Amino acid sequence: MSKKNSHLQRQIWKHYGDKPLPKEVEKLIQTISDSYNNYEKENKLLNRIMNISSEELFTANSELRKRNDELDRFVYSTSHDLRAPLTSILGLLQLIELSENKAETDKYIYQIKQTTLQLDNFIQDIVNYTHNKKLEIDSEEIDFEVLIEECLSKLNFMSDADAIKKIIEVDASIPFKSDRQRLHNLFSNLISNAIKYCNPNTENPFLKVGVTVNGKEAEIVIEDNGIGIDRTHLDKIFEMFYRASAKSKGSGIGLYIVKEIVEKLGGSISVESELNKGTLFTLTLPNQK
Amino acid sequence: MNKLQKVLLVDDDDIVNSINKVIIKHAKFANEIVAETIASNAIDYIKNQKDEGTLPELIFLDINMPEMDGWDFVDEYVKLGFEENGPRIIMLTSSINPRDENRASLIDEITDFMSKPLSPEILDKIYSEHFSSN
Numbered sequence: 001m002s003k004k005n006s007h008l009q010r011q012i013w014k015h016y017g018d019k020p021l022p023k024e025v026e027k028l029i030q031t032i033s034d035s036y037n038n039y040e041k042e043n044k045l046l047n048r049i050m051n052i053s054s055e056e057l058f059t060a061n062s063e064l065r066k067r068n069d070e071l072d073r074f075v076y077s078t079s080h081d082l083r084a085p086l087t088s089i090l091g092l093l094q095l096i097e098l099s100e101n102k103a104e105t106d107k108y109i110y111q112i113k114q115t116t117l118q119l120d121n122f123i124q125d126i127v128n129y130t131h132n133k134k135l136e137i138d139s140e141e142i143d144f145e146v147l148i149e150e151c152l153s154k155l156n157f158m159s160d161a162d163a164i165k166k167i168i169e170v171d172a173s174i175p176f177k178s179d180r181q182r183l184h185n186l187f188s189n190l191i192s193n194a195i196k197y198c199n200p201n202t203e204n205p206f207l208k209v210g211v212t213v214n215g216k217e218a219e220i221v222i223e224d225n226g227i228g229i230d231r232t233h234l235d236k237i238f239e240m241f242y243r244a245s246a247k248s249k250g251s252g253i254g255l256y257i258v259k260e261i262v263e264k265l266g267g268s269i270s271v272e273s274e275l276n277k278g279t280l281f282t283l284t285l286p287n288q289k
Numbered sequence: 001m002n003k004l005q006k007v008l009l010v011d012d013d014d015i016v017n018s019i020n021k022v023i024i025k026h027a028k029f030a031n032e033i034v035a036e037t038i039a040s041n042a043i044d045y046i047k048n049q050k051d052e053g054t055l056p057e058l059i060f061l062d063i064n065m066p067e068m069d070g071w072d073f074v075d076e077y078v079k080l081g082f083e084e085n086g087p088r089i090i091m092l093t094s095s096i097n098p099r100d101e102n103r104a105s106l107i108d109e110i111t112d113f114m115s116k117p118l119s120p121e122i123l124d125k126i127y128s129e130h131f132s133s134n
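In order, the protein sequence lines correspond to chains A and B.
With the working numbering applied, the first sequence corresponds to residues 1 to 289, in that order.
With the working numbering applied, the second sequence corresponds to residues 1 to 134, in that order.
You may find that some hints are simply not true.
[What the hints assert, rightly or not] Straight line, CA to CA, 27 angstroms or less: simulated DSSO-like cross-link-like pairs of lysine-lysine:
1) K107/A - K21/B
2) K102/A - K21/B
3) K102/A - K47/B
4) K289/A - K236/A
5) K102/A - K25/B
6) K249/A - K25/B
7) K28/B - K249/A
8) K107/A - K28/B
9) K113/A - K25/B
10) K247/A - K28/B
None of these hints come from the bench; they were simulated from the model.
This structure is a prediction, so every number in the text was calculated from the model and none was measured.
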């Protein structure tokens, strides 16, 4: 007779001791023993799977925790930046209620308009940020001159935009493919910063956008002679919601979006800057085939 | 008659400062309202006024400001070594983060934590809770 499952053997011993088992149950006992063995084997396998899964779960959980913390920060900062213009608008509406003077009321209405535009910009930024996070990379041939012109014309409403000389140098004899929407965001953010932080004391404010394409990648430089960024802030400017300058009126999400887009496209970005002299951003973006 | 002699507004947003100025004036809350958009300038202002003996009784302080933020401002303020007689600080912010409110409540120098926008009703409340002891 074949060896019986040890659990079953112990049960038999408990009830029968040394006595031999009746012949007629031998077959039944063997079937039960086989079932026991199968059960134990499956149980072992299951245990092994569970151990692996729980390890995976543990890693996934700590990853989720990290994401959740990030999301938490994002939600609170975002809610602050969404609320700030709204509280200003509420305040201005209060002033309009109190005011009996038309010129004063007009001033408040103008400020409400400006604040609303600021809020709209911020929402657009958030949408761009999410868009970059979620969507796959689109690839189409890029005409840099057209793209840069589009960005510039959309930024024409900014004060000081007219006073700044724009120098655009594109050297792209080889076709370059990339994600048009993302590049648009990228250029808009960097160019609008150059306009926003132009130096009012400079006689010839300029903004230079240079693009050189080779088969593998595009090198992009965006240079201005604006107010510059203090050395102490330079390594933090790409952080989410970081505002380096007291002159900053934005939320501090622009350069963070730029960095995220560059990373998504597999490129790199660096910055050089000197206070009161100007800022130079250098980007390298791979040619998406 | 206005309730306080002088109030200092510290907020990087010009529009917020101009709103608060009008509200404070309208509520006849203070004779003089000074606004600073850069927190470190506000610290310098307080230092000067301390020497002149013309300190504000109350500072409305924003949290989210570039360079020196509201928390940094409070750290610098503490270094000035005011005792009981120093200006009161009320945080006035768009933040609805309970962590900010909690953090503020743990700092002795911060008298109160309020959500924007300022209104005549809030000013009344501030006066009766923090200034009408006499």
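Okay, the hints, checked on the actual structure:
no., hint, in the structure
1, K107/A - K21/B, "15 angstroms, holds"
2, K102/A - K21/B, "19 angstroms, holds"
3, K102/A - K47/B, "40 angstroms, violated"
4, K289/A - K236/A, "33 angstroms, violated"
5, K102/A - K25/B, "19 angstroms, holds"
6, K249/A - K25/B, "26 angstroms, holds"
7, K28/B - K249/A, "30 angstroms, violated"
8, K107/A - K28/B, "22 angstroms, holds"
9, K113/A - K25/B, "24 angstroms, holds"
10, K247/A - K28/B, "31 angstroms, violated"
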